[in-house]
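Undergrad: The primary structure of each chain is shown beneath.
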Amino acid sequence: MATKEITYLDAIREAQAHALRDDPRVFIYGQDVGGFGGAFKATKNLAKEFPGRVIDAPISEDAIVGLAVGAAIEGLRPIIEMQFADFAAVGFNQIVNQAATLFWRTNVPCPITVRLPFGGTSGGGPFHSQTPEAIYAHYPGLIVLTPATVEDAYGMLLEAVALDDPVVFCEHKLLYRHLKAEKLPTEALPIGKARIAREGRDLTIVAYSAMVQDALEAATELAAEGWEIEIVDLRSVKPLDTDTVIASVARTGKLLCVGEAWPWGGVTAEVIARVMSEGFGLLDAPPQRLNSKDTPVPFHPKLWEAHRPTVRSIAAAARKILRH
Amino acid sequence: MLQVVTEPHTGVADAVREAHLTAFRYMLRARLLDDKFGALYRASKIHGGVFLSRGQEALSVATGLALKKTDVFAPLIRDTAGRMAFGEPILDAVRTYLGSSLGPMRGRDGNVHRGNPQQGYLPMISHLGAMVSVVNGMLFARRLKKITGCVGAACLGDGATSTGAFHEALNQAAVEKLPLVLVVANNQYAYSTPTARQFACNELTDKAIGYGATPHSVDGTDLTACLQVLSKAVDQARSGGGPQLVVAELLRLCGHGEHDDASYVDANLKNSPFGRDCLKVAREHLIRHKWTDHTQISVWESEAVHEIEEAVGQVLREPAPDPYSEKWTAISTEHLIEGQEEAGKI
Amino acid sequence: MPQVLITMPQLGESIAEARIVQFLVKAGDNVEADQDLIEVETDKATMTVASPCKGRLGGFSAQLDESYAVGAALGSIEATQEEAARLGLDEVVTQKSEPDSLAKGGQNGRRTQVQPTVRGLPVPANAAGASYLSPRLKARMDELGLHAADLAGVAGSGAAGRVTVEDFEKYIASLEKQKMSGASSMRVAVADAMRRSWTRPLATVGLPVVLDSLLAHRKTCEPKPGPALYALRALALALAENSAPAGRLVGSKIVHPSAIDVGFAVEAEDGVLVPVIRQADKRPLKDLTQRYGELVELARQRKLPPDATGGSVATVTNFGTFGLIWATPIPLPEQTLVLGLGAGRKVPFWDEQKGQFVPVMEANLTLSFDHRVLDGGAAGRLLQRISELMRQPEKL
Numbered sequence: 001m002a003t004k005e006i007t008y009l010d011a012i013r014e015a016q017a018h019a020l021r022d023d024p025r026v027f028i029y030g031q032d033v034g035g036f037g038g039a040f041k042a043t044k045n046l047a048k049e050f051p052g053r054v055i056d057a058p059i060s061e062d063a064i065v066g067l068a069v070g071a072a073i074e075g076l077r078p079i080i081e082m083q084f085a086d087f088a089a090v091g092f093n094q095i096v097n098q099a100a101t102l103f104w105r106t107n108v109p110c111p112i113t114v115r116l117p118f119g120g121t122s123g124g125g126p127f128h129s130q131t132p133e134a135i136y137a138h139y140p141g142l143i144v145l146t147p148a149t150v151e152d153a154y155g156m157l158l159e160a161v162a163l164d165d166p167v168v169f170c171e172h173k174l175l176y177r178h179l180k181a182e183k184l185p186t187e188a189l190p191i192g193k194a195r196i197a198r199e200g201r202d203l204t205i206v207a208y209s210a211m212v213q214d215a216l217e218a219a220t221e222l223a224a225e226g227w228e229i230e231i232v233d234l235r236s237v238k239p240l241d242t243d244t245v246i247a248s249v250a251r252t253g254k255l256l257c258v259g260e261a262w263p264w265g266g267v268t269a270e271v272i273a274r275v276m277s278e279g280f281g282l283l284d285a286p287p288q289r290l291n292s293k294d295t296p297v298p299f300h301p302k303l304w305e306a307h308r309p310t311v312r313s314i315a316a317a318a319r320k321i322l323r324h
Numbered sequence: 001m002l003q004v005v006t007e008p009h010t011g012v013a014d015a016v017r018e019a020h021l022t023a024f025r026y027m028l029r030a031r032l033l034d035d036k037f038g039a040l041y042r043a044s045k046i047h048g049g050v051f052l053s054r055g056q057e058a059l060s061v062a063t064g065l066a067l068k069k070t071d072v073f074a075p076l077i078r079d080t081a082g083r084m085a086f087g088e089p090i091l092d093a094v095r096t097y098l099g100s101s102l103g104p105m106r107g108r109d110g111n112v113h114r115g116n117p118q119q120g121y122l123p124m125i126s127h128l129g130a131m132v133s134v135v136n137g138m139l140f141a142r143r144l145k146k147i148t149g150c151v152g153a154a155c156l157g158d159g160a161t162s163t164g165a166f167h168e169a170l171n172q173a174a175v176e177k178l179p180l181v182l183v184v185a186n187n188q189y190a191y192s193t194p195t196a197r198q199f200a201c202n203e204l205t206d207k208a209i210g211y212g213a214t215p216h217s218v219d220g221t222d223l224t225a226c227l228q229v230l231s232k233a234v235d236q237a238r239s240g241g242g243p244q245l246v247v248a249e250l251l252r253l254c255g256h257g258e259h260d261d262a263s264y265v266d267a268n269l270k271n272s273p274f275g276r277d278c279l280k281v282a283r284e285h286l287i288r289h290k291w292t293d294h295t296q297i298s299v300w301e302s303e304a305v306h307e308i309e310e311a312v313g314q315v316l317r318e319p320a321p322d323p324y325s326e327k328w329t330a331i332s333t334e335h336l337i338e339g340q341e342e343a344g345k346i
Numbered sequence: 001m002p003q004v005l006i007t008m009p010q011l012g013e014s015i016a017e018a019r020i021v022q023f024l025v026k027a028g029d030n031v032e033a034d035q036d037l038i039e040v041e042t043d044k045a046t047m048t049v050a051s052p053c054k055g056r057l058g059g060f061s062a063q064l065d066e067s068y069a070v071g072a073a074l075g076s077i078e079a080t081q082e083e084a085a086r087l088g089l090d091e092v093v094t095q096k097s098e099p100d101s102l103a104k105g106g107q108n109g110r111r112t113q114v115q116p117t118v119r120g121l122p123v124p125a126n127a128a129g130a131s132y133l134s135p136r137l138k139a140r141m142d143e144l145g146l147h148a149a150d151l152a153g154v155a156g157s158g159a160a161g162r163v164t165v166e167d168f169e170k171y172i173a174s175l176e177k178q179k180m181s182g183a184s185s186m187r188v189a190v191a192d193a194m195r196r197s198w199t200r201p202l203a204t205v206g207l208p209v210v211l212d213s214l215l216a217h218r219k220t221c222e223p224k225p226g227p228a229l230y231a232l233r234a235l236a237l238a239l240a241e242n243s244a245p246a247g248r249l250v251g252s253k254i255v256h257p258s259a260i261d262v263g264f265a266v267e268a269e270d271g272v273l274v275p276v277i278r279q280a281d282k283r284p285l286k287d288l289t290q291r292y293g294e295l296v297e298l299a300r301q302r303k304l305p306p307d308a309t310g311g312s313v314a315t316v317t318n319f320g321t322f323g324l325i326w327a328t329p330i331p332l333p334e335q336t337l338v339l340g341l342g343a344g345r346k347v348p349f350w351d352e353q354k355g356q357f358v359p360v361m362e363a364n365l366t367l368s369f370d371h372r373v374l375d376g377g378a379a380g381r382l383l384q385r386i387s388e389l390m391r392q393p394e395k396l
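Chains as they are written, first to last, in the working numbering: chain A, 1 to 324; chain B, 1 to 346; chain C, 1 to 396.
FYI, nobody ran anything at the bench for these hints, they're computed from the structure. It cannot be assumed that every hint is accurate.
Residues on chain B that point at chain A, a partial pick, calculated with CB under 8 angstroms [to be verified]: (1) 127; (2) 128; (3) 130; (4) 135; (5) 195; (6) 232; (7) 331.
Computed from a predicted model, the values in this text were never measured in an experiment. Positions of the beta carbon are idealized from the N, C-alpha and C atoms, including for glycine.
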């Protein structure tokens, strides 16, 4: 009997091993990634298996990204690991002003992959929980990915390394050990295409990353009440697969967009703006969104659970639209 | 291209003379090109900022000449002479300032933000200090690719040494023992901020010790000293000495930009030894050693002026970028481009 | 503890309100979700109002024997936070929300709180019920060539009684199951004209007219003019005296008719056509009789030439030909007036002179009009003048 043994984290490690093995231009750089195998063990044993290609960096997010850009100009394909997405803020300038503008200014592509362990976990607090995908998506020149499944964590990371453009790869920490699959995929949906995670008829829920799992549970709860909810997993936040979202809204007429990030100018705002302007005539109810509350992410588990969308709050928001 | 050889050889004197003459000619051309940019600015022919290098030509040319064409060079704001010495054609500089669609930046960036990355010549971004780690990355990559014997030079001002990016990058270079040469032009002012408000250590070279880098001091107004010190620093880096921190003392002899009248510059500094104009000093040095004469210099000047005028004349007739035929996308992977604008539709 | 409102639910097709007949629980009682709380009565049936959630009944704001509209608040339940969250139910906004303080801008320059103007997902407050069409519903209706009037028979199951796309599709599907015949293009055209006309506030005034002198006059004519032609001429002459009642209101201006062209309704297959007598005020009755007859024939055969229709400023309709004594016709959408003539009947009329009832032939004249252009008084005066002229047929 096949058991689910491969975790989301394993998939990320496997993808990196695969990349290092197949492409001599790939190397990994970041804090504690070498002998220690990374803060989350995403690079466990890779330094040993690929000597000289998994290198420890000092605590210098700016210089880490800058070094990657220089290496990319020289034709290498660096994967850099930020220890937490929250700390990528220190390297923000190099990501958005150096990496993201290089191709546009000079016609020289910048094939770096910046891995961000992101998203909230209980007890993480304000600086180990952030989901900054919208800010990076806002800057032209970046690809921003948010895999929600073990298969996508593997396939999309491989594809990210192969892309010539800078990729911000958002891996959700909560999914690292909780999400498991039987095996790694041999083929995958390409980057840029969203996935219908669940087919439905009465309401479309658009979600990404860990929220896809919560939305699926909410859909199960609502199914018991006679509602069939369709769930769209965006997979990549930029580019955002508007076509799949609109096709889904054409089927259901109702939209709820769920994101773990803060409300102002987030991915949920972007999805709704697009559906409103390109699919206005498809809507039978005003589109809604559900985000975390507009405060930093709290530390205490009780506050943390109330701060973010949950299975319960997703279902409640869905009911409100369904009853409209 | 220049190696200062220390053996007692009859060719040494020749080599030194040639080095000075080559350097001086670049300095002269750089000064004249800068003057032209200033004139174009005052005639409203340039959009945006104009940043000149007056007073820093000696240091800059010495840096450019000390590097091989296969090295990595990240010049900054006041490096007209160094860029020329490293191989940048005047046309590239003029095209970038005037925004020609035929220039290396194709109108997407302007003035001193120009370069050719795949030839090791990095175009700066405005955030000071940010280019140093990119130079590190190129050197690091070459090492991974088993390419040896290269050097990377990054130019900075006194102000840039205060940035976090500078700190992280120099530290990183030292930890990785990269062949990095940082050339700090301490021209006493970062825009209007004097060095007393920029750093508290006695000398900027003191910082080198903190990072594990090797310090070098030089009088930035003295071409001979610049040629010697830069040569030495580059050699040390090239032979595995790790990062080198060269700090040159000089004075900025123009505004931060041509929009700035620099009235805040302390008059005492203007009258001090580092207030000397390095071009004037070099000219006197050359004449004194009888390596050239005023007539010859005049010829070089008019040749340079002619070359510059030709270039400007040509570029003024070149097309500006056409927004209707621009490809309005910032990523290179075609199938991932969102909402692609059709050509002709803005 | 959040307060969850108990509201008057959807009561059925085109029912807007119900009367409270019995409260089934009292304040303080614990209730389950969907438990019956109130018994209400409509014109059609007795129904119950169920609890929106589990909790404790806070109390009823509704009164016994009073009527309340669909969606009105009737009381509230105290629910647990969890229960309210589970259902995504709104909290009660304080009953005494103070719109005045918003207008005043707060006292002493202190900023007042912004009160939300909608609760729940927005259905425009003044457009509840079938008049609120979501973008998707509008698109669907456009696709099928339908108008809001076509939804009149659809009960909305959505918020504030709106018709959802599901309601609509069910309705269309249910129609498929019933006998359907194609509506002729004439029918569709008349439907469109009447729908457009109805967008105005229309009113009708009526007056009986004694036809004896008219009938006597008619006996002396050859060919014989129809009673409607007499009415048409009387209307034309009355309008020639004062054309304002036939004016059209455009914004804040009244556009007076340039010529008194008057149309008259002729029943054609599956609809009505309106041929026109041009300058009806300038041509005496005897000159019009033949033309009138020709136009009636042409209309019945649907062979009216283009110059014989359109451009009239008022219409006459003789609903008396169907035996009707009273009708409230609808003016054409581009006209302000329509004059109707009912069937003549022998009725007793009090003759003051003779001091007894005498038999007379009487018919009702009704005048429907766009109430934006004229009021009952002007309409009445016009009708009186028409009646007067019809009793003096030699003037027509």
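Undergrad: All the hints need checking, so say for each whether the structure fits it.
TA: Comparing the hints with the structure gives:
1. Given hint, residue 127 of chain B at the interface with chain A, holds; its Cβ is 5 angstroms from that chain's nearest Cβ, closer than 8 angstroms.
2. The criterion of a C-beta within 8 angstroms of any C-beta in chain A is not met by residue 128 of chain B, whose closest approach is roughly 11 angstroms, and the hint is violated.
3. Taking 8 angstroms as the C-beta cut-off, the interface hint given for residue 130 of chain B holds, the closest approach to chain A being about 6 angstroms.
4. The restraint placing residue 135 of chain B at the interface with chain A holds, with a minimum CB-CB distance near 6 angstroms, inside the 8 angstroms limit.
5. The restraint placing residue 195 of chain B at the interface with chain A is violated, with a minimum CB-CB distance near 24 angstroms, outside the 8 angstroms limit.
6. Because the closest C-beta pair between residue 232 of chain B and chain A is about 25 angstroms apart, greater than 8 angstroms, the hint is violated.
7. The interface hint given for residue 331 of chain B holds, since its Cβ lies 4 angstroms from the closest Cβ of chain A, which is under the 8 angstroms cut-off.
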